[in-house]
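Student: When you get a sec, could you build the whole thing from the sequences and use the hints?
There are 2 protein chains.
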Amino acid sequence: MVVDEGVRALFNPRSIAVIGASRHPGKIGYMILKNILDYGYKGRVYPVNPKADEILGLKAYKRVSEIPDEVDMAVIVVPEKYVLEVAEDAGRKGVKVLVVITSGFAEVGNVEAEEKLVEIARKYGMRVLGPNIFGIAYTPINLNATFGPRDLLKGPIAFISQSGALGIALMGWTIMEEIGVSAIVSMGNMSDIDVVDAAEYLADDPNTKVITIYLEGLKPGTGRRFVEKMRSITRRKPVIVIKAGRSRRGAMAAASHTGSLAGSDQLYSAAFKQSGVLRAYTTDDMFDWARVFATQPLPGGEETIIITNGGGVGVLATDTAEEHSVKLLDPSPGLKEKFRETMPWFGSPKNPVDLTGQAVEENYAKALEVAFESDEIHNIVILYCRTAILDPRSLADTIVEVVKKYGNSKPVVVGMVGGIDTYEAMRKLNQNGIPAYFGAERAVAALAALIKYYRYISKKHG
Amino acid sequence: MVVDEGVRALFNPRSIAVIGASRHPGKIGYMILKNILDYGYKGRVYPVNPKADEILGLKAYKRVSEIPDEVDMAVIVVPEKYVLEVAEDAGRKGVKVLVVITSGFAEVGNVEAEEKLVEIARKYGMRVLGPNIFGIAYTPINLNATFGPRDLLKGPIAFISQSGALGIALMGWTIMEEIGVSAIVSMGNMSDIDVVDAAEYLADDPNTKVITIYLEGLKPGTGRRFVEKMRSITRRKPVIVIKAGRSRRGAMAAASHTGSLAGSDQLYSAAFKQSGVLRAYTTDDMFDWARVFATQPLPGGEETIIITNGGGVGVLATDTAEEHSVKLLDPSPGLKEKFRETMPWFGSPKNPVDLTGQAVEENYAKALEVAFESDEIHNIVILYCRTAILDPRSLADTIVEVVKKYGNSKPVVVGMVGGIDTYEAMRKLNQNGIPAYFGAERAVAALAALIKYYRYISKKHG
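Protein chains in written order, with the working numbering: chain A, 450 to 911; chain B, 450 to 911.
Take these hints with a grain of salt, some might be off.
Pairs count within a copy or across copies, as identical chains cannot be separated in the list.
Claimed, not checked - With a Cα cut of at most 20 angstroms, we get these calculated SDA-like pairs of lysine to any residue:
(1) LYS483 / ILE838
(2) LYS877 / MET625
(3) LYS476 / GLN807
(4) LYS658 / LEU747
(5) LYS500 / SER514
(6) LYS476 / GLU810
(7) LYS476 / PRO793
(8) LYS530 / ASN559
(9) LYS565 / LYS787
(10) LYS530 / PHE795
Honestly, the hints are just simulated from the structure, not real lab data.
Tutor: Given below as C-alpha cells:
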C-alpha cells in the first residue's frame, strides 16, 4: 500500500513546530509543547511565537518559515483568526501535515474558514488533522502532541476519537487502568484526514494490534469508502467501534455536536457488518474487548471451557456465553475423567468445571493444564470468587505460570469477584498479559468478541 | 404484619450459640465466632465445643442445652453427621432459629438428612436458614455471623444471595466499593427460610431501603407465593433481582449447582413483571441501581435533563436514555434562556445541556441550580469529562453543596470519565450520598431503574 506522506508524518514526524507555543502554564500552547518534550520525543522541536525568544529552553521562531531545518508536522494552537495565515506560511515552508488544535470552525458554523484551511493545505500538498482536536499521540516514538495527560503507557491498542472531551478523559483512564496504547488520534471536524485514513495507516503499523474508534458520524457521501477500506483493514486487524448517536435523539445530539450527519443507525449497523467491524455499545465494552485482542492469540476453534470455584459465577458465565454465542464444550467422557482428578469429590467435571469453594492453587493449575492439553478445548474462561482458603494474588501467579508454560497457545480470560486483594490479583494478571475482569459476565463478553472476529476471519480466508 | 419469631431472631438475636466453634484460625468455626465478636455484636455469645473449655476468651459449653441462659440463634458449623444431633439439642433448649453453615445435604443429593433437619426444626418450632450457607449479617446491631470479610459498611442495601461463593466474594467487594449494607443473607439450600421470607422481613425493616437478590431458582410450587408476597413487598420497597440460569444451558448449570428447579426463564420474567420486581442482568447493574435507591428520592415525574461538559458523553447518555425509556425533557424557551446564561456562547442549552469543555465549577453550579429550580425538570444527570481546567474533586464538592442546598429534592446521578483524580471525585460523591459512575451509560441506566420503579409505584397507588 502506498502511504500518504502527510499521514505518515502525522504518526512519524521527524520534526515538529508548535505554532502558538506559549510560556504560560495553563495555556494549551504550553501544555502541548511540554507534553512533546517531557514524554521524550526524539525529533527536533521548534516553538513558534512572534513574541518570545525562548520557550521551555528552546529557541522560539517568529514564524515557521524562519525555521532553518525541515518541518514535518506543524501543530497549530493560535486563535482561529490567525490559523489561515500560519497555515499558508507552513505550506510555503513545506510542512507535510497540519495538526489544528484550534476550534471555532465548522463545529460552530464557521464552515467557510474550514474550507479555506483545506484549500490552503491542498495547494501546498499538506494534510490536515482537525481542526477542533486535542492532538495526536504515537507512543512507539514517544510522541505525545496532545494537551491531555502525559504519561501514556505503551501497548498495542490504538484509539481514534471523534469526541475531544471523551477522548482526552479516556487518555487519563487508560493510564489509571494500565492499558497500553500505541496511538491516540483526535479526529475533531475531520476536514481532511478522517477515521478511515487513520485506521488505514494503523492497519499496517507493526506496533498496533487492535484499533478502537469512537465514532459519531461519517461525512456525507463517505459511507461506501468506509465499508470498502474497513473491509480490507479488518482482514489485517480487528477494529472495534462505538457508534454514538444510535438513538433518534442521540443522533440529533451528535449532529449538533460535531456537525456530522449522523444518518440512520441501521445504515451504520449494515456498514459495520459488511466490513467486519465489531460494534461495542459502551466505552467499557470497547476497552474490555481490546484488551483481549491486545494480548491473546486467535483461537483454533470455538469450543470453550469455563473453570470456576463458584457455582453462581459459573451460571452467570453460562448465561452470558449463550447470549453472546460462545459455544460451551460438552466434554468427552475421557476429558471429564481428567477434570474429575483436579477437584474434590463433590466438584463437577461438566462445563462449567466446578472446582468448588475448596479449590486452591493446585486445583486451578491442574484443571488449566488439562484445558491446555486437550484438543477438544479452544478457549478458556477462568472464574474465581474470593474464598478464605485461596488468596487471589497467589492464584494469579499460578495462572500466569501455567499460561506461560503453554506459550499462550489458547485464549484465556479471567473473571474475578472479591475485594481489594482480588483487584490486586486482576492487576497482576493484566500486567502479565492475561485479561482479567470484575465478574464472570465481562470476561465472557470480551472472549465473545475474539471468537466473533475469529469466525469472521475464518470465513473470509477459509 | 405478624413477624415469625424465628425470622425475627435471625436478624435480631438476643443471644447466639456457635455450635462447632473452634480454637483454630482457618477453621470456619473459628472465623464465624471471631467475626461475631470483632464486628461488635452486643448480645451474649456462647461457643459450643465438647473438647474445649474456652474459645477466644469465652467459656465454651459441651452442648447448647448446657448453656444457662436463653439462646435465640444457633449457628451450626459441625460436620454433617452431627448436625441432626445438635439440632435436636438446640430444639430442646428452645432455640428459635438454626443457621446451618454445614454443607453435604440436598446440594450433593443427601435429601434425606435435609428433610430430617427440617422435621426436627418443625417439632421444636425452630426456623432454619440453610444448610450450605456462609451465614447472616445484620449491620444495625453489629451482627456479622458469616465466615466472609468482617468490616461490612453500614448502609441501607440488603443483599440476599442464593450463591455462597458469589455472595461472600461480593461482601468483600462492597467493602472495597464503600457500599453500605443493612443485611447480607446466604440462602443456600433454602430448606425452610427462603428468599421470600427474608425479603418480607426486610420490607418492614427501617434500616433497609432497597432489597437486592441473587436468585438461581425457586423451589417447585412456590412461584405463586413468590408473586403474591413480592407484589406486596415492592409496594413498600424496591426489589432488584438477578436471576441466573436464564439461558437453557445456564438453567442446567443452576440446577446441578443448587438442586433447585430453574424453570423456564419466561415464567420468571412474567413473575418479576407481575410483582414489580426490577430485573438486573449483571451484579454490576444490580449494585449500580441499588446505590440510586439507597440515596435518592423518588422523582416527582419523568422529565430528565442531562448537564455535560462534553458533547460525546452527552450523546452516549442520550442513546442510553432512549434505550432505557428515560424521557428527556425538551426545555421550554424560558428554561433554555436560563441555561444559556450558565455557559459560554458556543455551548448548547438544549438537552443535553452542553456547558462545553471550558466549563468550571461555577458553570455546573449555576446549571444545577437552574435544574433544581425548574418545575419542568424531575431528574438530573450530571456528566463530566476530565479537562485541564476543571479538577473533578473540586467539581464534586460543588455538586455536593448544590444538592444539599436543595435538600436532595430531585434525583441526581453523576457519570464521569477520567483518570485517578476522577475516581477520587466519584468516591467523594458516593460518600456524600450522590451516586457517581464511570461513564455516562451506567449513570443513566441506574437512573432508569429509579424511574421505572417510580412508574410502577405511581400506577399501583395512583
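Student: Next, verify each hint and record whether it holds.
Tutor: Against the structure, the hints come out as follows:
{"no.": "1", "hint": "LYS483 / ILE838", "result": "between (50 angstroms within a copy, 16 angstroms between copies)"}
{"no.": "2", "hint": "LYS877 / MET625", "result": "both (14 angstroms within a copy, 18 angstroms between copies)"}
{"no.": "3", "hint": "LYS476 / GLN807", "result": "between (58 angstroms within a copy, 12 angstroms between copies)"}
{"no.": "4", "hint": "LYS658 / LEU747", "result": "within (12 angstroms within a copy, 47 angstroms between copies)"}
{"no.": "5", "hint": "LYS500 / SER514", "result": "within (16 angstroms within a copy, 92 angstroms between copies)"}
{"no.": "6", "hint": "LYS476 / GLU810", "result": "between (53 angstroms within a copy, 19 angstroms between copies)"}
{"no.": "7", "hint": "LYS476 / PRO793", "result": "between (64 angstroms within a copy, 18 angstroms between copies)"}
{"no.": "8", "hint": "LYS530 / ASN559", "result": "within (11 angstroms within a copy, 82 angstroms between copies)"}
{"no.": "9", "hint": "LYS565 / LYS787", "result": "neither (70 angstroms within a copy, 36 angstroms between copies)"}
{"no.": "10", "hint": "LYS530 / PHE795", "result": "between (75 angstroms within a copy, 16 angstroms between copies)"}
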